[in-house]
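Novice: Protein chains in written order, with this note's numbering: chain A, 1 to 537; chain B, 1 to 328.
One thing to keep in mind: the hints can contain errors.
To be verified - Simulated crosslink set (DSS-like; lysine-lysine; CA at most 30 Å straight-line): (1) K236/B - K195/A; (2) K459/A - K301/B; (3) K429/A - K238/B.
Please keep in mind that the hints were generated in silico from the structure rather than gathered at the bench. Computed from a prediction, not measured in an experiment: that's the story for all the values here.
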Amino acid sequence: MIEVINLKMYKSLLGLTNNMKNLGALKILEFLEKTNGEVIGRQISDAKNRIYKANYHWEKIDSRMLCVNKVGSGEKTRVPATIDLDESLIAFFGLYSGDGAKGSEDSSNPGTLRTSISFSQREPNLVKFAVKQFKKIFPSSRFTFSLGEDSAYFMAEDGLEQLKKYYGNKLPPTKKLLEVRPNINEADKLYLSEKRHTQANVEEDLAFFYQHKKAMEEILTLQKLNDIKQAGIELNKLDRVTASLRRPFKKGARLPGGSSRSDETHVGNVSGMGELFLKMMHELEETIFENIKVSPQGLVAWSNTPNKIGENIDIKSFFETNPYGCISNKRPKSLISVSSSALEGTWQGSKTIKISKNLLLSPLWCYTSGLYLAEGSSPKHMMFDMYKRSVSGFALGFTSSENTSLELVIRSLKLLFPKDDCVATWKVKVGSQYFPELVVVGLKNAVPMLRGGNSGDGKMRTMEISLAIKNWALEVITCMKEYEDKYSHVEPTGAGVPRIDFSASSSLCKWYFPLIMYTVFSKIIKNPETEFVYNYE
Amino acid sequence: MNNHILVPLIDLNAIKFPQEYYDWLSNWLSKNDSALEDGNASSSLCLQSCLAEIILYGKPKRDWDGVWSLYLTDDDGNPLAYSEKYGQRLYKFGNQWKQTPVHAIYTKYWFDMLQGITSKNLKRYSDLIINFIQPNGWIYNPKVSETSIRTRMKSEYLMSLAMGLEIIEKSGQLDTYVSTFVSTLSEFPLTGYISAEYFRLRSLEILKRINLLPAGLVTVLQDCQVGQGYCDFALKNKVDEYMGTAKRTSRDIALHSPLATLQAYYISRYFQDTDKEVVSSQALKHGKYLEKDPMGIPAFKIRDLLIPFGTDISPIEIISATWLRALI
Chain A
1 MIEVINLKMY KSLLGLTNNM KNLGALKILE FLEKTNGEVI GRQISDAKNR IYKANYHWEK
61 IDSRMLCVNK VGSGEKTRVP ATIDLDESLI AFFGLYSGDG AKGSEDSSNP GTLRTSISFS
121 QREPNLVKFA VKQFKKIFPS SRFTFSLGED SAYFMAEDGL EQLKKYYGNK LPPTKKLLEV
181 RPNINEADKL YLSEKRHTQA NVEEDLAFFY QHKKAMEEIL TLQKLNDIKQ AGIELNKLDR
241 VTASLRRPFK KGARLPGGSS RSDETHVGNV SGMGELFLKM MHELEETIFE NIKVSPQGLV
301 AWSNTPNKIG ENIDIKSFFE TNPYGCISNK RPKSLISVSS SALEGTWQGS KTIKISKNLL
361 LSPLWCYTSG LYLAEGSSPK HMMFDMYKRS VSGFALGFTS SENTSLELVI RSLKLLFPKD
421 DCVATWKVKV GSQYFPELVV VGLKNAVPML RGGNSGDGKM RTMEISLAIK NWALEVITCM
481 KEYEDKYSHV EPTGAGVPRI DFSASSSLCK WYFPLIMYTV FSKIIKNPET EFVYNYE
Chain B
1 MNNHILVPLI DLNAIKFPQE YYDWLSNWLS KNDSALEDGN ASSSLCLQSC LAEIILYGKP
61 KRDWDGVWSL YLTDDDGNPL AYSEKYGQRL YKFGNQWKQT PVHAIYTKYW FDMLQGITSK
121 NLKRYSDLII NFIQPNGWIY NPKVSETSIR TRMKSEYLMS LAMGLEIIEK SGQLDTYVST
181 FVSTLSEFPL TGYISAEYFR LRSLEILKRI NLLPAGLVTV LQDCQVGQGY CDFALKNKVD
241 EYMGTAKRTS RDIALHSPLA TLQAYYISRY FQDTDKEVVS SQALKHGKYL EKDPMGIPAF
301 KIRDLLIPFG TDISPIEIIS ATWLRALI
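Please model the complete structure; the sequences and the hints are all you need to start from.
Specialist: Shown next, in the form of structure tokens:
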């Protein structure tokens, strides 16, 4: 009894309750001491297998803070000696695993990554969340928020209206390329030599780009600045907002007025920290995947085996009382016990599903909550909008070219739903770069490659090709073997390496999404209905 | 007649197959035996199985007519690409198994030709094909694949054209449509793919318009020459169809394929002697390579993943490889 009281008092002194405890820590100082500052790891993504490595110097500023710099890089970065891992930070690593930059290949050293730390995400709540988490790891970091767009966006519709408004509601007379760009550079020459189905006059388009470049950049910068303010992100003196504009149709717009927007958050003051950051993410993922208490090099240490730690959620209570369990002012119509471990629940107008009675917000659940927010098939804004208004078009699906990500997401779904409900169907999406290979696979099997759908992006009509690729998928993504009979087809798509895409019944969404939103945001947002930034407003 | 348009120049009864290929085909046939017995069939499986039987036993062994009528014919008597049971190999493929693409009609026509086609059936297949002639002059069944010509694969519609033309020509109905097809092909640019150019050539042969072979074919074959033979495509031609920019292909690998080498050889018969000699030498090189490494028929790989992406060896490749080895 005395021991129990002492434990409670101890937790109280630390400001922890059962619902607010750290699940583990990133032991930065211990790791650096153990490895003598040598960081080496492997990044497998987009079917590329590459290594990263760096050596670090460090010194203690005080008992809690280190000053770390990469050997060969002058910039010193403040990094905590130990970083507590709570649900949000674990989810952040999952989010970064999906949306974050992993680096680009070092052309002078093939197979090796040149790292950088940046984050591709437009959704303002997620940007705000990521900024907050970055600061837990690199307290002195600064940020550059960048909006990238194809200048074809300004050639028609909304973009053109914005451009007109910039010039006082009337565009200046069109100029010729020679007038606006007397000396074209190599990039211009390359652009002029490229052919696109949708482009009528490449020279006129390049002239448009240079004539209005400054105006378009200013419009985009202002737009991004407004987004940042709306999200409630406070800019420091060193933070910057910029625009990155591409020549018409170069970035991906297919028609005048078409958008190919991308939003990046670049992290500054962290020069040389990319390898250390990737190592944190990889060791964290590895411990979750293997369910081990301490990562191989000791960088990640959990308070217990990962599948045994975390807040325990009573699902019935969550959906009946928690603000995160209330969607658009509604709660489930019924939620009744059907066995010692399962409930049956129904949202109004939705299919009845089976769901676990309890859910442990373990590191696996937390990590995949972030990962799903980054890579899941539902539009991001819906996950936030659902608290404020009724949304339609929910879908539960996930796409990846790596087994680890897919297996972790499926494992986490199984914590909540019966195995057979977690994957309703799966397919292989193949980008146009690999169509020639698909054609050859067809020819070897005595058939042509017949595409479905109006734009050719539908279900492959040639079964032989889909069946020939199935074996590849099952060998690469081994976790799909238990769902082998639910493989549906190959889907030719615009771009990207061949990857697996699975989907589950959309009736699971209203159960799954509130729980992942709670996991990621509940420590910083108490009332999702009123505190999130809503895009539709 | 056992010469199929996919694998030209080969008389299956006359060519001697190496023992290792006999063994491979025998094993392959045996693996697919129970599926065929069970009605789990596709037109392509029937074609390859029948080719294997001719190679192994000198003649077809199965009641193929029965397979077609039991499993691969729709209610209107049209040939199907897949049986209902085969359609269940993919989850939720639904009624899409019930499709009549041009290649399924051609395969049925080929089976009928083996045993002596009736003029009634020939007319029937020809009418089906004529019904698939599109306003743009290409032949395809939009009910199977409705996508526009811009998003179709070039080798697909050129294959369908060559197959369709052969049937229409055999039925004696070609004259009415010659100008439509000639006009389509005369303005059709080089594709950069060996298979597509091979099927264009076969179409032009049927139309007796070899003079319409596009300039630059020699370059296509030069670009597609890789490893010991030829690949259907050239890596440098992988271009983003929307952005017009070169794809990042540093990790992609083009691979030699006996079929591509055979088709390249067929095309080169219309080249001038010096260019023809280059292709013949490469085909011979490929044959010698296969003599040393009979199963050296690789599958593609995706970037750094070692798992084969799709098919490596197939009956079609074995037949092509045998022909290449016979060049030695």
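Novice: So, for every hint listed, does it hold in this structure?
Specialist: Hints, verified against the model:
{"no.": "1", "hint": "K236/B - K195/A", "in the structure": "15 Å, holds"}
{"no.": "2", "hint": "K459/A - K301/B", "in the structure": "22 Å, holds"}
{"no.": "3", "hint": "K429/A - K238/B", "in the structure": "18 Å, holds"}
Violated hints: none; the structure is consistent with every hint.
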